[in-house]
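Colleague: Using the hints, position chain B against chain A.
Sequences listed follow chains A and B, in order. Just so we're aligned, residue 1 is where the first sequence starts under our numbering, counting upward by one. Just so we're aligned, residue 1001 is where the second sequence starts under our numbering, counting upward by one.
Keep in mind that the hints were calculated from the coordinates and are not lab data. Here the structure is a predicted model, which means the values were calculated and not measured. Note that the Cβ used here is the ideal one computed from N, Cα and C, for glycine as well. All clues stand as given, with none of them false.
What the simulated footprint calls covered on chain A by chain B, stretch by stretch (three residues with Cβ under 8 Å from a Cβ of chain B suffice, anywhere in the stretch; the number is not a length):
hint : stretch
1    : 205-216
2    : 253-260
For the chain A half of the interface with chain B, some residues (derived, Cβ under 8 Å), not all of them:
hint : residue
3    : Gly104
4    : Asp147
5    : Ile244
Under the rule of at most 30 Å between Cα atoms (straight-line distance), these lysine-lysine pairs were calculated in the DSSO-like manner:
hint : chain 1 : residue 1 : chain 2 : residue 2
6    : B       : Lys1135   : A       : Lys273
7    : A       : Lys235    : B       : Lys1274
8    : B       : Lys1111   : A       : Lys193
9    : B       : Lys1253   : A       : Lys249
10   : B       : Lys1274   : A       : Lys249
11   : B       : Lys1270   : A       : Lys133
12   : B       : Lys1132   : B       : Lys1187
13   : B       : Lys1259   : B       : Lys1249
Number of protein chains: 2
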Amino acid sequence: MYIALDAMGGDYAPSSTVKGAIEFVKEYKVGVYLVGKKDILQKLLKKYKGENLPIEIVHADDVIQMHEPPSIAFRKKRKSSMHIAGKLVREGKAKAFVSAGNTGAAMAVAKFIIGASPGIERPAIGVAFPTKKGKPTVLIDAGANVDSRPRHLVYFAVMGHTYVKEILKSSKNPKVGILSVGEEEGKGNELVKDTYPLLKMTKLNFVGNAEGRDIFTGDFDVIVCDGFVGNVVLKTSESLGLVILDMLKQEIKKSIITKIGALLIYPAVKRFKKKADYAEHGGAPLLGTKGTCIITHGRADAKAIKNSLRVATEFEKTHFNEKLYDNINHLLPEELKEELS
Amino acid sequence: MYIALDAMGGDYAPSSTVKGAIEFVKEYKVGVYLVGKKDILQKLLKKYKGENLPIEIVHADDVIQMHEPPSIAFRKKRKSSMHIAGKLVREGKAKAFVSAGNTGAAMAVAKFIIGASPGIERPAIGVAFPTKKGKPTVLIDAGANVDSRPRHLVYFAVMGHTYVKEILKSSKNPKVGILSVGEEEGKGNELVKDTYPLLKMTKLNFVGNAEGRDIFTGDFDVIVCDGFVGNVVLKTSESLGLVILDMLKQEIKKSIITKIGALLIYPAVKRFKKKADYAEHGGAPLLGTKGTCIITHGRADAKAIKNSLRVATEFEKTHFNEKLYDNINHLLPEELKEELS
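The following block holds chain A by itself, in its conformation from the complex (with noise of 0.2 Å):
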């Protein structure tokens, strides 16, 4: 088995990439794809004794970067690495793709070149946010479409249930709800009541709404919402985690005794850090594409990147499109799928 990694992708790439491929090669035992500039991870797959080892160069002339308007560079870049890391899998030579890079236009990769798997009609992001209960709670789409339709909020509960029950393990009968302004059946906009029945006719373990505020509490095992709130609401908290701790350092600076305070409670302050990033788990999958398709955050360092290469193994090893077709067959009654389609 091969993965197909875009290597020029990231902020810390092609050295992140190319560490990261021969850290995660030498332990699993799965050949990887370096796609990018040949002359430039030749010899880095040198400097770090790469060698030898069941990793192939596959040369792209493009690179897209990390804030290129995706749209455009999709279209215009079609010799980047990502393009042609896509194709590795679109024409069945690699079985994952993996990128920490520009995430738009890999996202346009995933759905475009990859494609959507049978049954599915809009592949949506699953990111496991961290939780109180330690265990995580899967949000989906957490931004790879905006203005979905209740019939694809129904697909991305099947695809969040598959994620939790076969990848996290994390539960069983995983607790699906969906994302409104109230607790009651009925609160909510015109998409979530729509939803909200067709939902209820599924054999998923169906909780109701999921507020805000439920999303870090454990409650539920998956939270299913449009794209466009997944989006801003995985922005939001990305960047208040931040805030918040970079406002404290601040009162923090005013004394010297919080200031030694500080020092003091620093190693909890590093693995609650490493808790809380979800980059630091892998990066988060795109379901419902042909291939396994893992999307990482720009910062992903080499670790980072070996944990996304793991990912997309075990999403391979444990055959999770033909899963999630089982579940859409055994999930779905007959007559909801007449109703959906």
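Modeller: Below, chain B without anything else, positioned relative to chain A:
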């Protein structure tokens, strides 16, 4: 001038509301109608030495509980303290309405009993988030409406502008953004794409798309969004703040050294919490209603109630609604108003 205070609303009511009202009246020389159960309020007023002040008790038979479904409570409990307080404003006896009770029911009272101010179709909640730069960013609408149309967001922008300029006074020419999933124009859902050109037509200082991460940077003074998204963001942020502190605590408890560190930084944490707690700053106004409506957090203590009454007074003394009306006339060109109608 009198303010109608829902004396029975809030986790710590009625003692928090009676105490808060007494402290407020003594300091600001503005009268308060304490609306609620007469016998209870009379006793408390005596206990806290609030007699012989411009505080009048207005009896209300019923109380809407914090966790009742708002729509049902609003329809069935027409003699509740909230209803009666709202009526005092509608009848012109009070200038402003303040409640720390059931948020949904308070919003219904504001919208359906007090009503929208001239020129406004949908009142909206403006929440001032603390930011890294020290000055607030107002997110509007934070949950008064769902499924807003582009024209509503244009009015939210004018309300937010007026709130920042006249009440918060944190900017003379507030930077207005629209919440979206990417920085570039053209990114977003249908609502954002349709609203963007309308905001460009206004004379507001419209600077384009904002992302979830921009809420806490202080780069925007006003960020407009639909109330569904705004409410999810508000509840997510409140809860994440608490979860982060909680998770940090759990890590700190693991060793004696980090425990000592935590004791030393406690003063900094306390200062930070005070800065971050928007309830501390006097609740969130429902902008665009006929009188001033301040909806305060259920956790509001006497001090927060006093602050809410103070903020209500500022709105009235500033003649907020007149300024809002002027701004609608000045900031929205005729051709835009035609398009919006």
